[in-house]
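We have chain X already, so just place chain V on it with the hints.
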Amino acid sequence: MSIAAAKIEAVPQPGLPPMVTIEDVTMAFGSFVAVENVNLTVGNGEFLSIVGPTGCGKSTILNAIAGLLKPAKGQVSIDGAQVKSVQNNIGYLFQQDALLPWKTAFQNVELGLMFRGVPVEERRVKVMAWLEKVGLKGFEGRFPHQLSGGQRKRVQMAQALITEPKVILMDEPFSALDIHTRHLMQNELLRLWQEDRRAVVMITHDLEEAIALGDRVVVLAAGPRSRVIESFGVDLERPRNVSEIKLDPKFMTLYRDIWASLRGEVEKSYASR
Amino acid sequence: MQAVNVRLIQITLLAVILGGWQLGVTTGVIDRFFFPAPLDIVQQVVTWVIDPGFYKHVGITLSETVLGYLIGTGLGVAAGVWLGLSPFTARILDPFIKAINAIPRVVLAPIFVLWLGLGLWSKVALAVTLVFFVTFFNAMQGVREVNPVVLSNTRILGARRSDLLRHVYFPAAASWILSSLRTSVGFAVVGAIIGEYLGASAGLGYLIARAEGNFDAVGVFAGIIILAVFVLIIDLLLDVAEKRLITWRPKAGEERPA
Chain X
0 MSIAAAKIEA VPQPGLPPMV TIEDVTMAFG SFVAVENVNL TVGNGEFLSI
50 VGPTGCGKST ILNAIAGLLK PAKGQVSIDG AQVKSVQNNI GYLFQQDALL
100 PWKTAFQNVE LGLMFRGVPV EERRVKVMAW LEKVGLKGFE GRFPHQLSGG
150 QRKRVQMAQA LITEPKVILM DEPFSALDIH TRHLMQNELL RLWQEDRRAV
200 VMITHDLEEA IALGDRVVVL AAGPRSRVIE SFGVDLERPR NVSEIKLDPK
250 FMTLYRDIWA SLRGEVEKSY ASR
Chain V
0 MQAVNVRLIQ ITLLAVILGG WQLGVTTGVI DRFFFPAPLD IVQQVVTWVI
50 DPGFYKHVGI TLSETVLGYL IGTGLGVAAG VWLGLSPFTA RILDPFIKAI
100 NAIPRVVLAP IFVLWLGLGL WSKVALAVTL VFFVTFFNAM QGVREVNPVV
150 LSNTRILGAR RSDLLRHVYF PAAASWILSS LRTSVGFAVV GAIIGEYLGA
200 SAGLGYLIAR AEGNFDAVGV FAGIIILAVF VLIIDLLLDV AEKRLITWRP
250 KAGEERPA
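Here the protein sequences line up with chains X and V, keeping their order. Residue numbers are given in numbering that gives the first Met the number 0: position 259 of the first sequence equals residue 258, and the series is strictly consecutive. Residue numbers are given in numbering that gives the first Met the number 0: position 107 of the second sequence equals residue 106, and the series is strictly consecutive.
Errors might be hidden in some of the hints.
[Unchecked claim] Distance windows between CB atoms, simulated:
| # | chain 1 | residue 1 | chain 2 | residue 2 | range |
| --- | --- | --- | --- | --- | --- |
| 1 | V | Leu236 | X | Asp177 | 41 to 49 Å |
| 2 | X | Gly54 | V | Ile232 | 56 to 64 Å |
| 3 | X | Glu236 | V | Lys242 | 48 to 56 Å |
| 4 | X | Gln145 | V | Ala2 | 24 to 32 Å |
| 5 | V | Arg243 | X | Asp195 | 24 to 32 Å |
| 6 | X | Asp195 | V | Pro147 | 28 to 36 Å |
| 7 | X | Asp195 | V | Ile232 | 53 to 61 Å |
Honestly, the hints are just simulated from the structure, not real lab data. All values derive from a computational prediction rather than experimental measurement. In this text, a Cβ means the ideal position worked out from N, Cα and C, and glycines have one as well.
If we strip away everything but chain X, and leave its shape as in the complex, we get:
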């Protein structure tokens, strides 16, 4: 099903130097091609949302940026350096729980700094500051099973951000949370990101989340052989409040436009099941 190759270049907002470049990337598992010929550039300090129907290979793109998977074709680079192995200059927020269950909140947040050989005292100060930042002061001695789902996400955020990564990757980070906690966490995330803007690539199937958080929304086609079909700039003012922004007329126009593009793909992905 190859549509006459109209190559869509998804470029960042003008004025931002590129941080992540994905060139002609094809991700395949054996004969199964998840995504094909994807081109994407994420500017430094840009928040990019990627939406697409389930099973379209969104996560494989993130894993290619992280260096966890090798592209079958094409190349990925972060800040000009080609990604060849697992990257340590990124932060990755997984959908699932990725905390070590045998370490306390403090020890979990500490990991990145410890692996980098930061001295104990400096580590302690930073970890405590980050736990306070994510609203977990007083919870440093708790084990993951003693924390709620939202609190565990907060620990994960602190864990991913404490190393000051160049790029933050998020794979449906809040999809496992209930709706109120999700809004709370989205606002929290925006607040943290606003303080210190870094390039973000977030994958989601929730279009509202994609628009409310992102500077740009990229739509992926239904898989297999998924590719980028359209890119929309989100010109909503920051700082944003996730629960209020949905009433903004600009938000609604954007939602309608992007949904028009996404709907066809979602229907296709259902039809092919």
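Relative to the frame of chain X, chain V by itself:
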């Protein structure tokens, strides 16, 4: 109230059984030679317990158990983590491991006595062969079942291979080993006792074997009671250890002692 009632019934039951037994022996219904009177057994236990020489035997059995447990666990963890991390080697060694594990350990006792003599080490060796496989399989399972997301996350945070071993693989294996703690300590006790029973000059198993050799049923029964108490005390200590060691886990593993 309920708990008190249960205790009361238990005590009554015990009194009835032991009382009936004692009565049976004194009236001659039960043969004293095969089933010695409970009072005689208690007397024998008391004689042993107040005799300082008896604790030499307890000490020896205890050191065999502890050494067997520690060495068996150490080797089991090392082998389990190694084979868990290299599936290729695991595939090659798989039939050999299965074959060795299929040998009933008791038949190894004479060989260990031949190799290591009648002393402590032949018993330790027997305990090690029993403990090793429990720990080995648990450690391998623990390493194989590490959540891949957790692993990816730790690697992205900058962990090198040695960091992964220390912070991910060993703790993952350790949690499985702790859940089999009772089973493997139970096996260590069994190994030590069987070893002593089959050929030794000291230890609780030796006491039983000696009594048996003298057709001294009182001694055999007293030895069995001492052993039961010995295992109960170890169990109690393990309870405390388990609670302290697995604070990070919501529930302790449900494993029964061997």
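Evaluated hints:
For the pair V:Leu236 and X:Asp177, the beta carbons lie near 44 Å from each other, so the given range of 41 to 49 Å is met. One distance hint, 56 to 64 Å for the beta-carbon pair X:Gly54 and V:Ile232, holds here, with the actual separation near 58 Å. Checking the proposed 48 to 56 Å range against X:Glu236 and V:Lys242 shows it holds: the Cβ atoms sit about 55 Å from each other. For X:Gln145 paired with V:Ala2, a C-beta distance near 30 Å keeps the hint of 24 to 32 Å intact.
Checked against the given bound of 24 to 32 Å, the beta carbons of V:Arg243 and X:Asp195, roughly 41 Å apart, lie outside it. Range check, X:Asp195 to V:Pro147: Cβ separation about 30 Å, and the 28 to 36 Å hint holds. Between X:Asp195 and V:Ile232 the beta carbons are some 58 Å apart, a value that agrees with the proposed interval 53 to 61 Å.
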